[in-house]
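Residues per chain, in single letters:
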Amino acid sequence: MQAIIEQYQDTIRTAADNKSPLQIRGGGTKHFYGNAPAVQPGAFLDTTAYHGIVDYEPTELVMTARAGTRLADVEALLAQHGQMLAFEPPHFGAAATLGGCVAAGLSGPRRATAGAVRDFVLGLRLLDGTGKDLRFGGQVMKNVAGYDVSRLMAGALGTLGVILEVSLKVLPKPAAETTLQFSMNEVAAIEQMNQWAGKPLPVSATCHAGGELFVRLSGAESTVRAARVKLGGEEMADGEAFWQSLREQTHGFFQSGQPLWRLSVRSTTAPLALPGKQLLEWNGGLRWLLDGDNLDVETIRKLAKDAGGHATLFRNNIARQAVFHPLEPAMMAIHRSLKQQFDPAGIFNRGRLYPDL
Amino acid sequence: MSAQALADRLRSFLPREAVLFEAEDLRPYECDGLSAYRQLPGVVVLPQTEEQIVKILQLCYATRTPLVARGAGTGLSGGALPHAQGVLMSLAKLNRIIAIDPLARTARVQPGVRNLAISEAAAPHGLYYAPDPSSQIACSIGGNVAENSGGVHCLKYGLTVHNILKLRVLTIGGECLEIGGDSLDSAGYDLLALMTGSEGMLGIVTEITVKLIPKPEKAQLVMAAFDDVLKAGNAVANVIAAGIIPAGMEMMDKITIHAVEEFLYAGYDLSAAAILLCESDGSAEEVADEIERIHAIMQQSGATGLRTSRDETERLKLWAGRKAAFPAAGRVSPDYYCMDGTIPRKRLAEILHGIDQLSQQYGLRCMNVFHAGDGNLHPLILYDANQPGELEKAEEFGGKILEMCIHAGGTITGEHGVGMEKINQMCIQFKTGELQLFHAVKAAFDPLGLLNPGKAVPTLHRCAELGAMHVHHGELKFADLPRF
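Same order as they appear, the protein sequences are chains R and L.
To convert, note that position 47 of the first sequence is 47 in my numbering; the numbers rise steadily by one, no gaps.
So my numbering is basically just the index in the second sequence, starting at one, shifted up by 1000.
Since the hints were made in silico from the structure, they are not lab data.
We put the beta carbon where it would ideally sit given N, CA and C, even for glycine.
Treat the hints loosely; a few may be bogus.
Ranges between beta-carbon positions, derived for each pair [what the hints assert, rightly or not]: (1) L:Ala1443 <-> R:Val54: 29 to 35 Å; (2) L:Ile1245 <-> R:Ser183: 31 to 37 Å; (3) L:Ala1443 <-> R:Ser245: 53 to 59 Å; (4) R:Gln7 <-> L:Pro1388: 53 to 59 Å; (5) L:Gln1357 <-> R:Glu6: 39 to 45 Å; (6) R:Asp296 <-> L:Leu1448: 40 to 46 Å; (7) R:Val54 <-> L:Ser1271: 40 to 46 Å; (8) L:Gly1433 <-> R:Arg336: 20 to 26 Å; (9) R:Ser256 <-> L:Ile1245: 36 to 42 Å.
Distance condition first, Cα-Cα at most 27 Å in a straight line; then the derived BS3-like pairs of lysine-lysine [stated by the list, open to error]: (10) L:Lys1093 <-> L:Lys1211; (11) L:Lys1166 <-> R:Lys199; (12) L:Lys1218 <-> R:Lys173; (13) L:Lys1211 <-> R:Lys305.
The following residues of chain L were derived to be distant from chain R, with all beta-carbon distances above 12 Å [as the list claims (entries may be wrong)]: (14) Glu1050; (15) Ala1121; (16) Thr1160; (17) Leu1391.
Chain L with its partners taken away, still in its complex shape (with noise of 0.2 Å):
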């Protein structure tokens, strides 16, 4: 159907301006936060409500168009790339804190509502929702369950699947499932986890209802600076295993801490090779206790420089300087390209030496802040878009970053998604059989494909070609897939 006939079929149910089909208008939906790639869509809808949800979908089905959510469209990894002949629903103004419930501890929400809405509309009742991630002022909790987002604290609470309890979720039929429920855990398969992370594969979210925990009485933060990575990474390992689970655990290398410094002056430490950012949160006995104990864990571990915030001024700098590693990478190089492996910690020293060396062969710098915690690293590969090659060199090397974190143990993706990026990632990282389950999942829910259609799973075709072009030791991947 043409872009034109789609759009008339819309506004015969959606008002006018709900339906965007000129291509100025389609231009802002072109891309997500990875605008290496970029697609216009055949048409863009804002629906407002559920019911107007459901008869796009049911047009969708009924005219076999493919549909991609969008969130706020602060993805990393493309997930919310437009399909050229399909329609991008927005759900930007699906924005209601529908309700709060302080003695049950819970939100319900809109998806298009901000992550850190949350947490301001709960704060007056000291609660607050816990997953973080650095775009918490713009991303969407709709995105959120879509890619099963973390950030600096997960270690301690949690990923967006521990946070959240139900689900109001729109079938590509259009028929509406309620998964999870007010109580902890519901009946049958846990189709709750499934669907968090899924990348809008499965359905669309319409209501989701998240846990608030109580706001900590206090925070206090330990900086502690190493001349060697593989001290920094052990010291890490010295702080879990004394039984401490750090509210948020942080290394930067030290390009990163050069960068960051020359930005804005954080005061950390420029001779280290590496430095850690330890947080504790909770009582005020608690974090007086756990503080002390991790300040004489860094100094056993080999820290050269320590500090420990006084006041929340000073705890707010320390981790001004973390939460701007992202804008540096953007001063010191014209373009970056963020990476999102995760590692077992105790690989760490290896992977960033083998980062080193890919960095010198590529000829391309690379800034490594880690969320050392959880093992969750990203690379952030600096290049120059405007000269001829350097984007394709930056994606092989985070591809081969990404490899290399498989190698150890590891995922191409802790927290970013695959969406469009990780396609060819994803045939190294499972065999045929996990793939082709995978798609058998999609199927149980959209058996036509119509649900952001060429993301996250990659058809074994894919992988065949990819697998031809790469060829491992004279090992053949895929070796049980008919060729013809």
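Chain R on its own, in the form it takes in the complex (with noise of 0.2 Å):
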């Protein structure tokens, strides 16, 4: 394995020198996400060659892997030992990879209640834009020695840095599992799931999709049990192959092939007033839109600011440029003077995130 390393180091400190770029790529499966390349997309480095579970300890709720490794692989591995990855990670692909995981730093049904990936990331080891081998984090718990640079590189999409190893936190799985269902209005639902999420309540996860609110209940069979008389609602037959369809974005409402718009927002935001089928998650915290309108961008983008947050052109953005939320000079002058101290040649995935970065 270490043979595969120096490889990539060459390849890095080749680029380097050339100040020619380089796209990582695992899986491949998350290709679609983030603006298309740079005009001079460059060479490939494959993380897939570098994989493996490293070690796995389930009683220390710890588990680190390599980057290549699957992360259908990584999951079964913990499913075997009654655990999960608690931010349930969409892997859009069977290649998807640990690595592109982590890089991408998305999150499933899950988040709102148990966290998203960068809450997992315990440490990683990482090469930077010079083809340094370094190390952040380690794999306990706790650990505030030196900077956070392991969660830095949750959703930094590859730019400052090829992730060759993940230390995450792992999670029991629950119990017992319900999904309930109750026909309701968007502004009732959001209401509701922002109420109940306030409460002492076993919620997991929650949709809103055509007229339907979709609650999640995980844990002790006895808490769901009693969770489920105290909201009432119908219980659905098939919950799990719900979550899993909204998780891998298989959902009917994904199929459109129309733009897609993810907007992150204070879960309590009123529905948006803009044209075009919407679905709701994470208590209203995540609004999904589909734009068959060709809507305006500084719209969009304005209403999400507006309510505390950022949109992004998700999925079925032809052109696969401005895809992530502008950012602020100040906040655009730090991510520019990181990336040039994590990558001083600028190799790594070069505009994949914004243009200069």
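Could you fit the two chains together into a complex? Lean on the hints.
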């Protein structure tokens, strides 16, 4: 395995010397996500060769694996021990890797209660833009030695370095789960989801779509049973498949082929005054919007900003430009200077996150 | 610039009483919770508004004056230790809870607000702020962000980094950054994570939006006594293996049990080698279910004594002993030195054995309290500062413990921060490349190095000097560092 790292280091050093960009690629399942590569997209640095579980101790709640390990393999191993990645990352394809999962920083239905990818990253090993092999964080739950570079990598889309290994906190799978369904309009659903989130209830996921509110309960049998009585509603026959279809975006809502916006906003935000179908997750904190009317980008961005959040043109964006919400100048300056420190030659995934990163 | 000249400049835009520079006025600021390190600052400023802080930062930037931020001063690693020629900025007067949004479950607060005050203000809505460092009645939320503070409930509820949404941060140049958002994520790099635990080295936090969570309906506690530390460690692993994430899981060793039992009668078993306190919280059904399972697991793991709290009074009484561990240490010894390593839990028995050996070697007693759920160990080294050389011995003993933690795959600090105290051990935990990158991160925010200089990340020069003193097995550390 060390030979593979040395090979990556050679590739990086050569690219840095020539100032020629590199596209870091795992399973390629999230290749659609982010801006199109810069004018000169550059060669691929394939991370799939560096794979395998490094360490997994179920009773320590920590798993360390190489970036090229398939996400499906990681989850299968955890499941054998009754554990899971609680942030329910989307795979978007069988080839999805752990490194890609962390770099993309995407989390699934359980995010509002369990936390996001970044909340579970305990440590990682990465190659910076000069090919240096560096380790940050560790394999323990609490660690405040040095800046939290590990979490900084979550969602950085590979622009700061090549992730080699990741240590994640894992959690036990709940003993019981059930999904309740309620007919409810969007206004009422937003109020209801947030009311329940403020009560000690075992709600682990919520979704509002097509006039229906879906609520997943997770926990011990007795807890789920008691909460089911308190909340009412109809029990859904195949709740698991429903949440899976949201997580992987195989649900009918996502199949239109229209540009798909992801608005991350304050959960209590009123229904967005925009035409186009919408689907809500995370107690209303996540709004998926299908844009069939060629909506004004600035209007969408302003709505998201006014709601305390940001808007991403997630999928079916033909131009694949300006995907992410523009940053304020002072924030952009910090981003540029961090990029300069991690990747001085500017070779990693150039332009994928923002044009000049 | 002289302290007098600096004070004059500061008084041109700050009220007279907000600028201190007479020695007797500076004295209360000479140290934080780690009183072994003391230094009078040049000037102390006590701003009340963000506009005042901007001007202070701009003045420091223009005059190249070091600036150290301070919250409530309860930190245990010397992170708020003043700079002799610098400005010490206390944020204690920014102590307003700006707004609570019960439906969105958030609170917007100023950095000087006390940790517990947030939970108190949220209580009427059935909500609270989860991280509960032991100093929560006094420590400030701004300090919690700077240190990424934890508490006894963080295995289940997370650290500060998991419980904040947004920060307003001023750079040393006085520019304002809005980091994070009212949403669960934000565009660009996760600077919220980078800022949390950055020990005042990257910017000054002027406003924090925290998450509030529902108060559990019920909490109950199982106390289990063991005749062997290893068995207690295994019991913790068995609880986790059964799929239970306890709200709190604390361990005390024999010397601690005796010290606290003499201090206040908590009802602990004095014959035990270790005591575990395992708490469950949640809905009534959930707690009943979990407590029954925890009880059975403790029994199967060889507990020699078991007690389950029957009511709140008994639960709080059982906790009182654990919470009195530090004062008890202060009672059995004139001074104590608290360490903060984290280890993979499976290595607990060997680390405790190692600490015991060091204790004999240095002739200093050591009490061990352990956040067993998350592997965070707090050895309390007992010493007497009036005995010449004892403080130095205690520090050396502590340093050895931290080195053991690193070798066990852990870290030198779980929740107290590096500050001034553990700066040397950073040279052991990290290699040159990582330290260089830390300095680069710092430079991205504070290119002149004016914010809290000399803390948290050692210079390579310091590590090289240290390496020269401790060449381990003939390995020269920082071999790639130029030497002159």
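Each hint, compared with the structure:
Checked against the given bound of 29 to 35 Å, the beta carbons of Ala1443 of chain L and Val54 of chain R, roughly 32 Å apart, stay inside it. Here the CB-CB span from Ile1245 of chain L to Ser183 of chain R is close to 35 Å, well matched to the stated 31 to 37 Å. At roughly 46 Å, the beta carbons of Ala1443 of chain L and Ser245 of chain R sit outside the given window of 53 to 59 Å. Gln7 of chain R and Pro1388 of chain L have their C-beta atoms about 58 Å apart, which keeps the hinted 53 to 59 Å range intact.
Hint check: Gln1357 of chain L to Glu6 of chain R, Cβ distance near 40 Å, so the stated range 39 to 45 Å holds. Taken as a hint, the range 40 to 46 Å holds for the pair Asp296 of chain R and Leu1448 of chain L, whose Cβ atoms sit roughly 43 Å apart. A C-beta distance of roughly 42 Å is found between Val54 of chain R and Ser1271 of chain L, which places it inside the suggested range of 40 to 46 Å. In this structure the hint that Gly1433 of chain L and Arg336 of chain R lie 20 to 26 Å apart at CB holds, the actual value being about 22 Å.
Here the CB-CB span from Ser256 of chain R to Ile1245 of chain L is close to 40 Å, well matched to the stated 36 to 42 Å. With a CA separation close to 23 Å, the supplied pair Lys1093 of chain L and Lys1211 of chain L stays within the 27 Å bound. About 23 Å separates the Cα atoms of Lys1166 of chain L and Lys199 of chain R, which keeps this hinted pair within 27 Å; it holds. Between Lys1218 of chain L and Lys173 of chain R, the direct Cα distance comes to roughly 22 Å. Compliance with the 27 Å bound is thereby established for this hinted pair.
The hinted pair formed by Lys1211 of chain L and Lys305 of chain R meets the criterion: a straight-line CA distance of about 19 Å does not exceed 27 Å. Residue placement check: Glu1050 of chain L keeps its beta carbon more than 12 Å from all beta carbons of chain R (closest about 15 Å). For Ala1121 of chain L, the requirement that its beta carbon stay farther than 12 Å from each beta carbon of chain R is met, with the minimum near 15 Å. Distance to chain R contradicts Thr1160 of chain L as a non-interface residue, since its nearest Cβ pair spans about 10 Å, not more than 12 Å.
At the 12 Å boundary, the C-beta of Leu1391 of chain L stays outside the reach of chain R, the nearest C-beta of that chain being 23 Å off.
Hint check: violations occur at hints 3 and 16; the rest are consistent with the structure.
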